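Put together the whole structure using the sequences plus the hints.
Line order of the protein sequences matches chains A and B.
6 is the number that our numbering gives to position 6 of the first sequence; each next residue is one higher, with no gaps.
15 is the number that our numbering gives to position 15 of the second sequence; each next residue is one higher, with no gaps.
Simulated from the structure, these hints should not be mistaken for laboratory data.
Because the structure is a prediction, the values reported are computed rather than measured.
Idealized CB from N, CA, C, for every residue including glycine.
Just to be clear, a hint being listed does not mean it is correct.
Unchecked claim - With beta-carbon atoms standing in for the labels, derived distance ranges:
hint, chain 1, residue 1, chain 2, residue 2, range
1, A, R15, B, G40, 31 to 37 Å
2, A, A70, B, R58, 39 to 45 Å
3, A, P39, B, L34, 44 to 50 Å
4, B, L34, A, M85, 19 to 25 Å
5, A, R62, B, E74, 32 to 38 Å
Given next are the chains, with one letter for each unit.
Number of protein chains: 2
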Amino acid sequence: MPLPFTALADPTRRRILDLLRRRPRLAGEIGEALGLSQPGASKHLRVLREAGLVRVRREAQRRWYELDPAPLAEMDAWLSPYRRMWRESLDALERHLDEGRDDEEEP
Amino acid sequence: MPLPFTALADPTRRRILDLLRRRPRLAGEIGEALGLSQPGASKHLRVLREAGLVRVRREAQRRWYELDPAPLAEMDAWLSPYRRMWRESLDALERHLDEGRDDEEEP
DNA sequence: TCGTTATATAACTATCCGGGTATATTGGCG
DNA sequence: CGCCAATATACCCGGATAGTTATATAACGA
Chain A
1 MPLPFTALAD
11 PTRRRILDLL
21 RRRPRLAGEI
31 GEALGLSQPG
41 ASKHLRVLRE
51 AGLVRVRREA
61 QRRWYELDPA
71 PLAEMDAWLS
81 PYRRMWRESL
91 DALERHLDEG
101 RDDEEEP
Chain B
1 MPLPFTALAD
11 PTRRRILDLL
21 RRRPRLAGEI
31 GEALGLSQPG
41 ASKHLRVLRE
51 AGLVRVRREA
61 QRRWYELDPA
71 PLAEMDAWLS
81 PYRRMWRESL
91 DALERHLDEG
101 RDDEEEP
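In structure tokens, the structure reads:
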């Protein structure tokens, strides 16, 4: 039962989650979107499943994979004490650049 | 040049960062605190260094390691679109629990 | 200079991991 | 029942990786 940190160490699995963020998808659809072999996709999905990051819904032979973001809260909790720190650095940098700009986020 | 995700996949390296969050530490001090062999600690510190997560300050034979939280912002940025999602789930759960506790009007 | 301290690197090993091919499983359809 | 579609699993391989022991580097102190 790997923790989210280890499951998300692989960039392909992060891309899978990014795909599922929009809507549930079929296993084959995911593999195709990322240019994976069929067993390759299946194995990555298994890791995400065992990490609790995705749920599966069966429909005949098909498998609908959908995101479960709950385990990401663990990463976020680990990260939270640091967040204050880099914000401080960034604020200092911004002050130093004496140029007021708003940051960009949320694609 | 491993990204923070891969550097932090290892729990020992997360513990190292947690140690450095309080204050800079000597390499030997870190290894001792975590029960690592001396080369073991040194190699983990190298990975964190190459990921940009720690900086080193030389003082004679000693090496003071200090945290640089900047690369964690990358993880945080990846995480941010998901944060909204699990918050929604938790909020929904809370609402459900509140309704169940207070009165019974909506199943 | 010599020895000691603190840390890094080298070399070796066992293990894990991601990717690929081949095969098994399951369900729908004729 | 036989065939196809969708997915999972088994097995193999090459490369990364964590851990250990041995050695190198660098700086201090006597």
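Status of the hints after comparison with the structure:
Range check, A:R15 to B:G40: about 32 Å between beta-carbon atoms, so the 31 to 37 Å window is met. Our hint of 39 to 45 Å for A:A70 and B:R58 holds, since their Cβ atoms are close to 44 Å apart. With their beta carbons about 38 Å apart, A:P39 and B:L34 fall outside the hinted range of 44 to 50 Å. Between B:L34 and A:M85 the CB atoms are about 21 Å apart, so this pair conforms to the stated range of 19 to 25 Å.
Distance hint check for A:R62 and B:E74: the Cβ-Cβ separation is about 35 Å, which falls inside the suggested range of 32 to 38 Å.
Against the hints set out earlier in the document, a violation occurs for number 3 only.
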